[in-house]
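Chemist: The lines below spell out each chain.
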Amino acid sequence: MDEKLEQAVTAMEERFAARRDIFRDQVSLMIAPDRVIEAARTLRDEFGFNMLSDETAVDYWPQEEPRFHVIYVLRRMQPPYLLLMLRAPLNGNAPRIATMEKVFPNANWLEREIWDMFGIYFDGHSDMRRILMPYDWEGHPLRKDYPLGYEEVQFTFNFDEIDKRKSRPKE
Amino acid sequence: MGLETKTGEMGILTTTLEKVVNWSRTNSMWPMLFGLACCAIEMMSAQASNYDMSRFGMELMRASPRQSDLMIVAGRASRKMAPVIRQLYDQMPYPKWVIAMGDCASTSGVFNNYALLQGVDEIVPVDVYVAGCPPRPEALIHGVVSLHEKVRRESLKKWA
Amino acid sequence: MTEIREVSVSELQHLVSERAAMGETMLLNMGPQHPSTHGVLRLLLELDGEIVVNCIPDIGFLHTGVEKNMEAKTYQKAEVMTDRLDYLNPLGNNLLYCLAVEKLAELDVPPRAQAIRVILAELTRINSHLVWLGTSGLDLAAMSLFLYCMREREKILDIFEMISGARMMTTYIRPGGLWRDVPAEFESAVRDFIKIMPDKIDEYEALLSNNELFIDRTKGIGVISTEDCIRYGITGPILRATGMAYDMRKVAPYSGYEQYDFDVPTYQGGDIYARYKVRVEEMRQSLRIIEQALDRLPYGPVRSNNRKFVPPPRSELGVSMESLIHHFKLWTEGFSVPKGGVYVAVESPRGELATYIESDGGPKPWRVRWHGPSFVNLQIMPLLTKGHFVADVVGIIGSIDIVLGDCDR
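Chains as they are written, first to last, in my numbering: chain A, 1 to 171; chain B, 1001 to 1160; chain C, 2001 to 2409.
Looking at chain A on its own, in the form it has when it is part of the complex (with noise of 0.2 Å):
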C-alpha cells in the first residue's frame, strides 16, 4: 500500500475507530454514521483527498443489522493520486445520516439520489426532493424488498387475461 495512503488509513483507525477491509488492492474503511463526516473533513484537510467522487448506498436486506451501507468514494487530485472508501453502516425502515453536502458541495444530487431511490434522509441537506423518479412517486425503487415491475409475457393460455388489463389510448 501507498505510504501516504497507509498513514491516512491508520490515522483513520486510531482517531475514528475506522474498521479496515482491503479488497482487490482496494481499500475500504467502516466508519460509524456519526462520525463519518468528520472523517471525511480530516480526509480532505489534512491528507489531501479533496475530490469525493462517489457516494451511494447498497441494500442488504433481509438482513437487518445493518441494512443499509452508505459509501463514500474519495480521491487525491495530486500526486501521489490516491482512492478511499468510506463505508457506514445504517439499519432499520427510516434511515437517517448527516449530510455530506458541508464538507463536499457535491454530494448535493447524490444524496438526492440516494434519498430517492434508498430512503435514506439527510439531516442538513438544503434541497431534499426527489430527483430521477416523477414527484408524486411513492416507494424507494432501488430496495431489495420493492419489486422490479415488469410486464408479464402473453402466451396464450394468458392471453385474455393481460388483454383485459392491458392500457391503452383513449385516442
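These are computed hints drawn from the structure, not numbers from a lab. Some hints here could point you the wrong way.
[Unchecked claim] Computed list of lysine to any residue pairs in SDA-like fashion (alpha-carbon distance at most 25 Å, straight line):
1. B:K1157 to B:S1024
2. C:K2339 to A:P89
3. A:K164 to B:R1079
4. A:K166 to B:Q1118
Based on the hints, put chains B and C in the right spot on chain A.
Modeler: Chains B and C only, in chain A's frame:
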C-alpha cells in the same frame, strides 16, 4: 380511352380528390424533433448526408408540435416523460401520425421494469413500428416509406 | 398514466430568489422537449429580463431503472444494458463493465485483446466528440459543421459494423477479452480512417477557431475555476479546460494505456472556447494512440482461456465433456463471482466514468452502481449560467456535453 387521347396532349390528368390529398400529405410530412435516447442519434444520422431524409421532404424538423405532422418517438419513454408525450401529441393538429422508432418505443426493448412505459402505444396510437436497437437509418427510412404507403390508402373521412 | 401535478411555488421557494414571489423575475420552463437541450432535460430558468438569475435543472425524464434491472440478470446478460446508458460511448461502457467484472473475478485478458480494446475505446471517443461538435455547432448556428461531422462518423460506424454487426450498440467487449477476433479488413479500414482524419479536424478548426462569431459567443461565457471544479467533483474536458491536467488514462492506467505515448491537452480560461479547444485536441491525441496501438498489435488469442467465465469454442463441444459442461453451466446459470465490491473508473469522453459492483457470490450482481459523469457535471449549471443571457444557456449546455442516458440511467 377516348378521353385520355383527347386530353393527353393538353397536359391534363384525371384522378380522385382523395388520391391528390393523400399524395400531397406524404410528400412533405414534417417530423417533430422528438429524440429521447440512442435512437435519436440514429435519427440524426438518417437526417445527415449519408442517408438523406430530405429526399422525402423531411429535412425540416420542427421543434414546435403545432407546426409538425409526424411524431417519431425515438427512444425509451419513461413514466415521468409519459404526460409530456401525451401533451405533445394532443398539441399536434390533425392530420397527424406517429412512428414508434426502435424497440424501446415499440415494446420497451431490453428494459422490462418499473421505470419505463412498456411501449409508447400505451398512451398514443401508433401507425408504424420500426424494429431495431437502434434501427439502422435505412430501417427508419423503410418505416417512413411504409407510412407513406399507409397514408396513400387512407380515406378522406379519416381526418375530415 | 400519471396526471400532470401542479407543483406549487412553495415547494421550490428555497431554490429561487425572493424576487420571484414578487413577480419581478420570471420563471421560464425550458421543457423536456426542446431543440437544444440534447435530450430530455428540463431547465427552470429564473429570468430578470433576459439575464438568468438562477437555473434549476430537473432530470429523470430518461430514468430507465438500469441499476435495478441489472440486479435481476446474470453478469453476461447485464452487460447488454451497459451499451445503452451513455449511448454515445457504447464501447467505453462495455469496457468499464468488463474491467470491473474481471477485477472481481481476477480474470486475465490477453494482450491482443487489450490493444484492440484501446483502439475501439479511442474510436468511440472520436465518435462522441464528433457528435458533440456537430450538435453544439448546430446550437450555435454553425449548421454545415453538423453534416461534416456526421459524414466522418459514418466511417467509424462502418468499422464497428464490420467487427460486430451492429453500428452502435455492439457489446463487443466481453469479460475475458473480446467476443471474437477482428476480421482481416479491420486494420486497413482503421488505417484509412486515421490517414484522412487529421485533415478533417483541420477543416473543422478552420471553420470555428478563428471565427469572430464563434469567439463572441463562446469566450468568457460559462466560466468555472479549478477549485470549483474539484469542489463539485467535475472531471473530464471541463476540468482540463481550466488548466489542470487530470486524465484517468494517466492517473490510473487500465488496459495497457501506460504503453502508449500521448499528451493530455489542457487550456486556460475555463470557458466554452477552452472546452472546445480541449476536445478538438483530444481527437488528435486519440488518433495518435490508435496509430501506436495498431503498429504494435500483438498476435495471439483474443479471449481468456478460463472456461469458468468464457464459453468454449463450438468446435470443442463435440469432443470434450468438460467443454460441454462449462457451456451448459454458462448458458443456464451464468458464472459466479467471489464476494466483495470493487470501484473501477475509466476516462469517458465526458469525464470520469466509474462503477461500483458488489457481488454476493452468486451469478447475479448484488448492486451495480453506475456513476455517470453527466450526472455530476450537470450540477454546476446554476453556477455557470448565472448572469448570462438566455441565448448563452444553449451554448453552455452544449459545452458541458451531457448525455441524458448517462445522467438518468
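Chemist: Compare the structure with each hint and give your call.
Modeler: Hint-by-hint comparison with the structure:
{"no.": "1", "hint": "B:K1157 to B:S1024", "in the structure": "holds, 16 Å"}
{"no.": "2", "hint": "C:K2339 to A:P89", "in the structure": "holds, 18 Å"}
{"no.": "3", "hint": "A:K164 to B:R1079", "in the structure": "holds, 21 Å"}
{"no.": "4", "hint": "A:K166 to B:Q1118", "in the structure": "holds, 10 Å"}
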